[in-house]
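Build out the structure end to end from the sequences listed, making use of the hints.
Going by my numbering, the sequence shown opens with residue 1, and the numbers climb by one from there.
Keep in mind the hints are simulated off the structure, nothing from the lab. Misleading hints may appear alongside valid ones.
Listed next, the in silico SDA-like pairs over lysine to any residue satisfying Cα-Cα at most 20 Å (straight line) [claimed, not checked]: (1) K88 <-> L76; (2) K284 <-> P319; (3) K12 <-> A28; (4) K349 <-> Q160; (5) K100 <-> P63; (6) K235 <-> E253; (7) K15 <-> H249; (8) K349 <-> D322; (9) K211 <-> S126; (10) K118 <-> S185; (11) K12 <-> K36; (12) K211 <-> I39; (13) K15 <-> S25; (14) K85 <-> H95; (15) K237 <-> S185; (16) K272 <-> R310; (17) K15 <-> V225; (18) K88 <-> K100; (19) K142 <-> H123; (20) K36 <-> P50; (21) K237 <-> E253; (22) K234 <-> E217; (23) K168 <-> R348; (24) K235 <-> N218; (25) K235 <-> N282; (26) K284 <-> S316; (27) K234 <-> S185; (28) K87 <-> S74; (29) K349 <-> V324; (30) K347 <-> F323; (31) K88 <-> S74; (32) K234 <-> N282; (33) K118 <-> A187; (34) K100 <-> Q77; (35) K116 <-> S185.
Label pairs and their computed distance ranges (CB to CB) [stated by the list, open to error]: (36) N320 <-> Q71: 46 to 52 Å; (37) T92 <-> E229: 57 to 63 Å; (38) K12 <-> V251: 24 to 30 Å.
Note that the structure is a prediction, hence the values are computed from the model and not measured. Here a beta-carbon is modelled for each residue, glycine too, at the ideal position from N, C-alpha and C.
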Amino acid sequence: MLELNNLDLAVKLLKKQNEMYQPTSFWAEASHQINKEIIEVGVEQFRRTPTALSFFVPGYGPPTSGLSENQVDSLLQNWETAYPKDKKSKQTLKHFLTGKQSALSDYRVFLASYQKNKLPALHNFSESTYGQPVEQFEWDGKRYSRSALNYLLGMSFLKQHLDHEIPKTILEIGGGFGTLGEIWSQAGIENWKYIDIDIPPTQFVADYYLKSILGSENVTSFEEVKDHETIDIKKLKPASVLCSWQIEHLVGEVDLFVNFISFQEMEPHVVKNYLTHVERLNTKWILLRNMREGKQIQKDGHVGVRTPIRSDDYVSMLPNYDFVESNVHPYGFETVDGFHSELQLFKRK
Numbered sequence: 001m002l003e004l005n006n007l008d009l010a011v012k013l014l015k016k017q018n019e020m021y022q023p024t025s026f027w028a029e030a031s032h033q034i035n036k037e038i039i040e041v042g043v044e045q046f047r048r049t050p051t052a053l054s055f056f057v058p059g060y061g062p063p064t065s066g067l068s069e070n071q072v073d074s075l076l077q078n079w080e081t082a083y084p085k086d087k088k089s090k091q092t093l094k095h096f097l098t099g100k101q102s103a104l105s106d107y108r109v110f111l112a113s114y115q116k117n118k119l120p121a122l123h124n125f126s127e128s129t130y131g132q133p134v135e136q137f138e139w140d141g142k143r144y145s146r147s148a149l150n151y152l153l154g155m156s157f158l159k160q161h162l163d164h165e166i167p168k169t170i171l172e173i174g175g176g177f178g179t180l181g182e183i184w185s186q187a188g189i190e191n192w193k194y195i196d197i198d199i200p201p202t203q204f205v206a207d208y209y210l211k212s213i214l215g216s217e218n219v220t221s222f223e224e225v226k227d228h229e230t231i232d233i234k235k236l237k238p239a240s241v242l243c244s245w246q247i248e249h250l251v252g253e254v255d256l257f258v259n260f261i262s263f264q265e266m267e268p269h270v271v272k273n274y275l276t277h278v279e280r281l282n283t284k285w286i287l288l289r290n291m292r293e294g295k296q297i298q299k300d301g302h303v304g305v306r307t308p309i310r311s312d313d314y315v316s317m318l319p320n321y322d323f324v325e326s327n328v329h330p331y332g333f334e335t336v337d338g339f340h341s342e343l344q345l346f347k348r349k
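Shown next, in the form of structure tokens:
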């Protein structure tokens, strides 16, 4: 009950904030539905609720793949009827439809990128089962989801450019359910800090997830610092999950800023405001992964953005940063319909 009270408080405070810190058109209805599902089934099952699986718990199979669970079941049943004795072909089809083959491809890239004796030690990672996941796979005795492999591939890309630098303090905006914090907690880095800035209710979910893994004593929640005029990064616990508007109160310095697949769902002026604060915190490295072509425009009642942000827009928003490199293959992703989820790396001048 106390946890839900904190969710209710966060949602009420959100409504009082500047529109730049509230859900944009892409997320407005989804936020309402996620909040409703958390109340109805409990945050303990967030990784199997319909809206979460469509918005911030990505998978390799349905619905992220573009197929529904019913379509997958129908295809498998029809195949079984047509070829009842051909077990291998059904297994091949099942691996494709459930996303296991795509997940294995990402896992192989991750393994191939292994850099021995160099921090962060990404290959220590194995994902927890908090949230009752339905989108996990296991290889070599370790668990991985699409969320985890997205970040592990992105960090592997970053690691190629770090030389002997080790980012200890990470700031993320729109961190999903806290996967990057979980990865960094296992990366063998001393005195690490991870700060996730997000809108409720996803902020509430990430808070639950990281507290389940790390213990409440190691996670700063938004309500602990909600009345602070300044939030000193050095004084935060190893992991922190704060609400969107609290970025204005952060003081200190950041080694690495990360945004994966959520700036693309915001409006340009919202992203520019967030990046202004990222720069204010003297952030050294910026790692983005977003759609090169931008997200679809909202129309005819379908979810979308009003003004898409494209890759070149991030470059123009970061005049005090050098563009280092971009990547789609092998660390990003190309969709079946030809769109590019592109990594972009920037370094402060």
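Checked hints:
{"no.": "1", "hint": "K88 <-> L76", "verdict": "holds (13 Å)"}
{"no.": "2", "hint": "K284 <-> P319", "verdict": "holds (13 Å)"}
{"no.": "3", "hint": "K12 <-> A28", "verdict": "holds (15 Å)"}
{"no.": "4", "hint": "K349 <-> Q160", "verdict": "holds (19 Å)"}
{"no.": "5", "hint": "K100 <-> P63", "verdict": "holds (14 Å)"}
{"no.": "6", "hint": "K235 <-> E253", "verdict": "holds (12 Å)"}
{"no.": "7", "hint": "K15 <-> H249", "verdict": "holds (18 Å)"}
{"no.": "8", "hint": "K349 <-> D322", "verdict": "holds (6 Å)"}
{"no.": "9", "hint": "K211 <-> S126", "verdict": "holds (17 Å)"}
{"no.": "10", "hint": "K118 <-> S185", "verdict": "holds (16 Å)"}
{"no.": "11", "hint": "K12 <-> K36", "verdict": "holds (14 Å)"}
{"no.": "12", "hint": "K211 <-> I39", "verdict": "holds (19 Å)"}
{"no.": "13", "hint": "K15 <-> S25", "verdict": "holds (15 Å)"}
{"no.": "14", "hint": "K85 <-> H95", "verdict": "holds (18 Å)"}
{"no.": "15", "hint": "K237 <-> S185", "verdict": "holds (12 Å)"}
{"no.": "16", "hint": "K272 <-> R310", "verdict": "holds (13 Å)"}
{"no.": "17", "hint": "K15 <-> V225", "verdict": "holds (18 Å)"}
{"no.": "18", "hint": "K88 <-> K100", "verdict": "holds (15 Å)"}
{"no.": "19", "hint": "K142 <-> H123", "verdict": "holds (10 Å)"}
{"no.": "20", "hint": "K36 <-> P50", "verdict": "holds (11 Å)"}
{"no.": "21", "hint": "K237 <-> E253", "verdict": "holds (15 Å)"}
{"no.": "22", "hint": "K234 <-> E217", "verdict": "holds (16 Å)"}
{"no.": "23", "hint": "K168 <-> R348", "verdict": "holds (16 Å)"}
{"no.": "24", "hint": "K235 <-> N218", "verdict": "holds (12 Å)"}
{"no.": "25", "hint": "K235 <-> N282", "verdict": "holds (17 Å)"}
{"no.": "26", "hint": "K284 <-> S316", "verdict": "holds (17 Å)"}
{"no.": "27", "hint": "K234 <-> S185", "verdict": "holds (17 Å)"}
{"no.": "28", "hint": "K87 <-> S74", "verdict": "holds (17 Å)"}
{"no.": "29", "hint": "K349 <-> V324", "verdict": "holds (11 Å)"}
{"no.": "30", "hint": "K347 <-> F323", "verdict": "holds (7 Å)"}
{"no.": "31", "hint": "K88 <-> S74", "verdict": "holds (18 Å)"}
{"no.": "32", "hint": "K234 <-> N282", "verdict": "holds (14 Å)"}
{"no.": "33", "hint": "K118 <-> A187", "verdict": "holds (10 Å)"}
{"no.": "34", "hint": "K100 <-> Q77", "verdict": "holds (18 Å)"}
{"no.": "35", "hint": "K116 <-> S185", "verdict": "holds (18 Å)"}
{"no.": "36", "hint": "N320 <-> Q71: 46 to 52 Å", "verdict": "holds (48 Å)"}
{"no.": "37", "hint": "T92 <-> E229: 57 to 63 Å", "verdict": "holds (59 Å)"}
{"no.": "38", "hint": "K12 <-> V251: 24 to 30 Å", "verdict": "holds (26 Å)"}
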